[in-house]
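Participant: Spelled out from the first residue to the last, the chains are:
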Amino acid sequence: MTERPLITDAPNTWCPGCGNFALEYAFRDVFQELQKEGISLEKFVLVTGIGCHAKIADYLDVNSFYAIHGRAIPVATGIKIARPDLHVICCVGDGDAYAEGLDHLIFGAKRNIDITVVVHNNRVYGLTTGQYTPTSPLGFKGRSTPAGTLEYPLNPLELMLTSGATYIGRGYTKNLKLLRPLLKDAILHKGFSFLDVLQICATYYDVHSMYDSLVYEVKEQPGESYEEVIKRLREWDYNNKAPIGLGTYYRKEAPTFNDRITVMKVSDREREEIIRRVLEEHL
Amino acid sequence: MTERPLITDAPNTWCPGCGNFALEYAFRDVFQELQKEGISLEKFVLVTGIGCHAKIADYLDVNSFYAIHGRAIPVATGIKIARPDLHVICCVGDGDAYAEGLDHLIFGAKRNIDITVVVHNNRVYGLTTGQYTPTSPLGFKGRSTPAGTLEYPLNPLELMLTSGATYIGRGYTKNLKLLRPLLKDAILHKGFSFLDVLQICATYYDVHSMYDSLVYEVKEQPGESYEEVIKRLREWDYNNKAPIGLGTYYRKEAPTFNDRITVMKVSDREREEIIRRVLEEHL
Amino acid sequence: MNDFSVLIGGKAGEGLNKAGQILAHLMGRLGYRVYMYYDYPSLIRGGHNFSVIRGSEQKIAGHRAGMDIVLALNQDTVDFHRDKILPGGLLIYDAYYAKGEGMAIPLKQIIEQNKAPSITANSGIIGAFCKAVGIEWGILEEVLHRDIPPKVLEINLAVARGGFDAAQEHQKLHDLGRSALPFITGNEAIGLGLIQGGLTTWVAYPMTPSSSLLHFLAEMSDKVGLKVIHPENEIAVMNMALGFAAAGERVGVGTSGGGFCLMSEGLSLAGMSETPIVIMMGQRTGPSTGLPTYTGQTEYHFLRHAGQGEFSRFIVAPGDANEAFYWSTVALNLAWKFQIPAFILTDKTLSEGGYSFTIDEIRKVPVEDSPRWDGTLPYRRYAFTESGVSPLTEYGREKAVVKVNGYYHDPRGITTEDPGIVAPMQEKLLRKLQGLDQELVSYDTVNQSGSSGAVVALVCWGSNKGVCQEVAEHLGLRMVQPVVLWPFPVDSLRRALEGTSRVILVENNATGQLAAMMRQYGFAVHEQIHKYDGRPFTVEELENRVKGVLP
Amino acid sequence: MNDFSVLIGGKAGEGLNKAGQILAHLMGRLGYRVYMYYDYPSLIRGGHNFSVIRGSEQKIAGHRAGMDIVLALNQDTVDFHRDKILPGGLLIYDAYYAKGEGMAIPLKQIIEQNKAPSITANSGIIGAFCKAVGIEWGILEEVLHRDIPPKVLEINLAVARGGFDAAQEHQKLHDLGRSALPFITGNEAIGLGLIQGGLTTWVAYPMTPSSSLLHFLAEMSDKVGLKVIHPENEIAVMNMALGFAAAGERVGVGTSGGGFCLMSEGLSLAGMSETPIVIMMGQRTGPSTGLPTYTGQTEYHFLRHAGQGEFSRFIVAPGDANEAFYWSTVALNLAWKFQIPAFILTDKTLSEGGYSFTIDEIRKVPVEDSPRWDGTLPYRRYAFTESGVSPLTEYGREKAVVKVNGYYHDPRGITTEDPGIVAPMQEKLLRKLQGLDQELVSYDTVNQSGSSGAVVALVCWGSNKGVCQEVAEHLGLRMVQPVVLWPFPVDSLRRALEGTSRVILVENNATGQLAAMMRQYGFAVHEQIHKYDGRPFTVEELENRVKGVLP
Ligand SMILES: Cc1ncc(C[n+]2csc(CCOP(=O)(O)OP(=O)(O)O)c2C)c(N)n1
Ligand SMILES: Cc1ncc(C[n+]2csc(CCOP(=O)(O)OP(=O)(O)O)c2C)c(N)n1
Ligand code: SF4
Ligand code: SF4
Ligand SMILES: [Mg+2]
Ligand SMILES: [Mg+2]
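Chains as they are written, first to last, in the working numbering: chain F, 1 to 283; chain C, 1 to 283; chain P, 1 to 551; chain B, 1 to 551.
These aren't lab readings, by the way, just hints derived from the structure by calculation. Heads up, a few of these hints could be off.
List of simulated lysine-lysine pairs, DSBU-like, C-alpha gap at most 35 Å [as the list claims (entries may be wrong)]:
hint: 1; chain 1: P; residue 1: Lys59; chain 2: P; residue 2: Lys84
hint: 2; chain 1: C; residue 1: Lys219; chain 2: F; residue 2: Lys252
hint: 3; chain 1: B; residue 1: Lys227; chain 2: C; residue 2: Lys252
hint: 4; chain 1: B; residue 1: Lys11; chain 2: F; residue 2: Lys177
hint: 5; chain 1: F; residue 1: Lys241; chain 2: B; residue 2: Lys151
hint: 6; chain 1: F; residue 1: Lys219; chain 2: F; residue 2: Lys252
hint: 7; chain 1: B; residue 1: Lys18; chain 2: C; residue 2: Lys265
hint: 8; chain 1: P; residue 1: Lys151; chain 2: P; residue 2: Lys99
hint: 9; chain 1: F; residue 1: Lys43; chain 2: P; residue 2: Lys223
hint: 10; chain 1: B; residue 1: Lys84; chain 2: F; residue 2: Lys141
hint: 11; chain 1: B; residue 1: Lys59; chain 2: B; residue 2: Lys84
hint: 12; chain 1: P; residue 1: Lys84; chain 2: P; residue 2: Lys108
hint: 13; chain 1: F; residue 1: Lys190; chain 2: P; residue 2: Lys223
hint: 14; chain 1: F; residue 1: Lys252; chain 2: F; residue 2: Lys184
With the hints as constraints, model all of the structure from the sequences given.
Facilitator: Below is the structure:
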């Protein structure tokens, strides 16, 4: 078994107090734990969008694809279809996954492709210096909306349930103790796993005291109906003050996209044979 | 009041038996009715994507923007923000609105922009000759999936509710009597109105006998809770056989995007004055 | 020389593409080399569709304006095409749905007698055609056996026989006594060439004229172990394909202009991250949705420059099915060998046109790949090398940490903003073009035909190859066709144009895209012939246009 | 000549951009014309940021490598920049966080004494700077009053005073005795130019270096009645903007390369549907995410050819703030007058650089619009005209049925596939370029400076104007800068280059994009100087590079 520190020597450029650190360390710990449980480190692939969150691709010493803004999920999908043996994890931002590339998030869930999507949801565009995102509250004063936004936020958990995600949870970067098992759980879930992680942006949207006063741990309710799950998911609408549940909200066993694919290997010789045969059909 | 036939002389190229005819005539009738009720015809703007459905932009003799595949909704949004006095209606396809441009549909709903989106949902790509769409049933054998699709369909009604649409209904091209009042209702609703219209594709997906045996008219239930609405919306999942409700499922009064904007007009002289002032601030 | 053209026309939904193929197969049986042009508007039923099938002793890749036979299933066909009938030619038409001068066939009656569906009118008029040109019933029977699905074979045979019996012999189509060649479309040739090159995955979103390639590969997927994925849109297509490539698949994507726009951001990511990818780009008449089912040659420069930043790419524009097959294999090889995007640039004419295909004339190309990682640790995805190409490995290899990155990065793939790494990394990206250029020395990047000593040259690219070649032969001109469009084959083109004093460019666009590129490299362009109404040139039309600019 | 440069450096989050502005304002007060370069990596806190502020008697638009004063808030600044200090220059540094040779200021103590936040270190070191160069306290006080928000003014004044008192006079910065000019960034100049041109709507998604224009216009929106919309992504941006334009708004969008890729399909729709639109395209170092906060000039050809099909467009690349203002107004006018997309092509250097701005030197441009519909029925959105421009009206006008269409269409805007309409419609789209070319005769599309009789010309575009102009002056060369990049100003460029025998191109890219375009139009290019590490040229660096290629 490799003994790797798992953190690269790339200089870390997150702001002091940034919630991304918690995610970085949680991932490191979970990778180490999973390695002990027999998953070799080469089997992890981290796919990221662009934003502060995405720098994690440089910081964690595992396979990575540092892709483009909003497009981590299709990249991850390609990797997973090609190589079902890999654990493909997307670290994406809320601007990334809920604005620029929202459709891919929904289609990932719809396909139940067996990847894990972790949204570093700081409810702001961090790297581009503080504009609103689809989960910013109504009236958010960002640099593109100095007079306040004109839209209500989306509730990503509800959206994911509707879209077919088979694992849905919410984490919080100030609750590392919960974050680790959540990440591990999501990674090990077979099917499309979705985690919305409330991540503190120390510079542009530091609402940790608000979160601290509202969060509580949810307990999984295995026998629940779909409507009951929705009700729970809607307890907090990302806008008004309400109790904010952390933990696993939903989990379902279902065939994944890969489960439905069967492909055989064909040699170069066989290919030529097939081409000849096709051409004969076209005489 | 103008007396216009409302159907252009453009040669109609839909297949015999195509459900788009029903939509064309329903629109014509509704425009005529609304004109009688005092909305002048110039106030309607039809924005379309690309596909068989989109040809309606050529056939109806009203203002139109025949846009590109998947992008009718942003075009319509721009028109509506610029000109709140216009009634902006998007005729889009299921490939168009649920695949290529799904994000725009969700953001239209999220903004509660006061436009009407009518999806000609034939559950197939018509114009590109019969591939599956996001509402085709699992296992659909289209030209890109000869062995059958590997994904469950989306339920667009549920997705729209989650996203913030304030009017949600379902129509059927073989029920013209219901289609007309539905269209009218959706157009007159203030806020984002969404109609999924089950449209027969005579050539690539003619399931009218299935629909005929399953459809029934839903009655609006004004006092319903959100979870109850969802339950009703989920009665049919676009995959399995189940009763298919037609009519209005949801309606809510809420401020629209335009309601939240206030813009004043500024003359060219005033502009120059402001520029001078800004420059003085930069000394 | 034997050169024979037949046009069959009717409404969309009447199977005119299929009918054209049957006619092509019939001519093939008589030893003809065949080309087929299929013209259809963007609609599913109705309108006016037609196929022109031309057979010749020589291999051809273009159609003529004049027709020996016109087969009219409706009045539109008579009205639109009667003027094209050559002296001594013949109109064969449906006696019920059309009026005209020629041979009327009571198809409606025949169909009714046989209680056949109306779509069999096709077979009926093809029966009449066979009789008229002296093709034996037995040959038609055999072709229909191959081309018509068993379920409906009997009924089609019956109607074809009815048509055959109702017609009279008009002009004997000479039997060349050679065996038939496979008849395939440009897109089928691309698909087969890719399969030959070891393609394992195809990702595409439907868009004319690339859809038929998606359909063909989807049909083939079971047979050749191909994964064929049709995702939510072209953005997903491109990025998913890059994921496949990074995971070790040999992958390609197909699209047309509008879809390609959406891929261009991912293209730039491919460039920066050095992820190989093959892109089939089928041109049609633009701008925007333009004429979705017609042709054009307007995306050469767009492909050349698409995506922000500067990086190496390869563009090839095959001129017929043989070239399409061969260069598709090569494009896959070059994409992987150099870890760059490789474009197969086609247009509707090539992609959906039908060609006699001669696989035995095609030079065999073995599957080539990137240099592979030798296991030295740490793995450096972007190791600096003389060639600019770094040894490749895919995710999951023991001990390798594979970091793919769209930012500027150090050799390990970790983001850097250090100007001392950025500049050599940019050079690495562009240095591959030199290797590519050298590699291409051993390929025929510029085709030449016609009169090799002629001082007037017709220069064209892509699907105009066929018509230009013929016109050059008729008029004693030189024909020069760059097949590789990037890196621009300056030396080969210079050699091909040596001794010319007048260079005439022929393009299906309005501005002259190859002309602009040639000028950039110091080549003189004296005349430009453009066509931009969505229709390809016929031989006659081009010949007249060329005569108009000859001194 | 008075020419003075100061560099202030520290970590991101320490307000070094703001500090640079204050320094610029201070020099402005002494009558200097100022240019500021701001260098920062893509991160929010930490790392190394610095601003170079240069004042000169003449207007300048570039920075020098050598510094008269370096203000170091940390050790990195000392380490990275100490070599740049000119003979007689001075290092002023924070006594606690840095070590060096020069003037140590006990900023930490001053801050602690005043119980000030650490970000005020900025003001402290600026105080020291003022004392060192003999700027009176009163002037600094006045500038801080304007530049620092009232809430934190007192505390900053106190720290500044502490710094001022702790420093010694070193070298007197000559007071030129002229009044100050406004100091604005390139993006602010564009924003103001667009407002001057009657902009009513701005739609954008954040992307460096266009974000600051979005922010500026968002701040201005209340004052000038501007709608500023930030939608879900760039695809929405472009298509939404086309909706605005069709509804009668004067609208623009802003982005950088990756976002522009996503707009290119909508761009082609603008072309086909003849919907006017202004696009501000801020270049940064590519490919892909590249170096998001650094500069480049790699999208000229991409803009020229983006989008499928062929249609008219306008591209202007201003070289400084004055040009940015003027040409932004003009771009809006031309977009509307010709119903085409008009690009304002900038780069990070121009967009985020600071310039002394002289509005009074800018030729006044009245707002121009399309010819308007005269009410004749039926309204024909795409009426054929000699100019190719059809009279415009927007949705909602009584009796007008306005049909906008991205397919080929007849004059009413109804889809057609008729080759007899398609060809003239394509010609209509391209004919506008001729009108545009004629229109541009009355504009200075190519700038010339330096020694007008010189036989050696430095040719550049965009933000390289400033450095090239200076180098040309130093070396007695001619400086030629095409501002309009499309339609390519062939005649003006020819005139500007008349009499030259050696043409040296200077570009912030690796392949030479202007060079390629010039070659295409038959211009000789003898030497090419490239820089592609994301950093702009300094005057000295360019001068050396030019000397290296001079005979
Ligand atoms: C196509 C495209 N548009 C815009 C950008 C600029 N951009 C970089 S990161 C980012 C937003 C980041 O926000 P989020 O995803 O929430 O990440 P965070 O920085 O908050 O972690 C944007 C808009 C880009 N890189 N690409
Ligand atoms: C960007 C882009 N991709 C692909 C296409 C090709 N295309 C035209 S219509 C269409 C699908 C139409 O399906 P749908 O929206 O369901 O409309 P329908 O024809 O069924 O009415 C596609 C993929 C296109 N025009 N643009
Ligand atoms: S800006 Fe916010 S999200 Fe980005 S590094 Fe700083 S604290 Fe973290
Ligand atoms: S293909 Fe289907 S949707 Fe299209 S016109 Fe024909 S029946 Fe209608
Ligand atoms: Mg964020
Ligand atoms: Mg459809």
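Participant: Work down the list of hints and note, for each, if the structure agrees.
Facilitator: Consistency of the hints with the structure:
{"no.": "1", "hint": "Lys59/P / Lys84/P", "result": "holds (23 Å)"}
{"no.": "2", "hint": "Lys219/C / Lys252/F", "result": "holds (33 Å)"}
{"no.": "3", "hint": "Lys227/B / Lys252/C", "result": "holds (27 Å)"}
{"no.": "4", "hint": "Lys11/B / Lys177/F", "result": "holds (32 Å)"}
{"no.": "5", "hint": "Lys241/F / Lys151/B", "result": "holds (30 Å)"}
{"no.": "6", "hint": "Lys219/F / Lys252/F", "result": "holds (15 Å)"}
{"no.": "7", "hint": "Lys18/B / Lys265/C", "result": "holds (33 Å)"}
{"no.": "8", "hint": "Lys151/P / Lys99/P", "result": "holds (33 Å)"}
{"no.": "9", "hint": "Lys43/F / Lys223/P", "result": "holds (30 Å)"}
{"no.": "10", "hint": "Lys84/B / Lys141/F", "result": "violated (41 Å)"}
{"no.": "11", "hint": "Lys59/B / Lys84/B", "result": "holds (23 Å)"}
{"no.": "12", "hint": "Lys84/P / Lys108/P", "result": "holds (26 Å)"}
{"no.": "13", "hint": "Lys190/F / Lys223/P", "result": "holds (29 Å)"}
{"no.": "14", "hint": "Lys252/F / Lys184/F", "result": "holds (16 Å)"}
Of the numbered hints stated above, the single one contradicted by the structure is hint 10.
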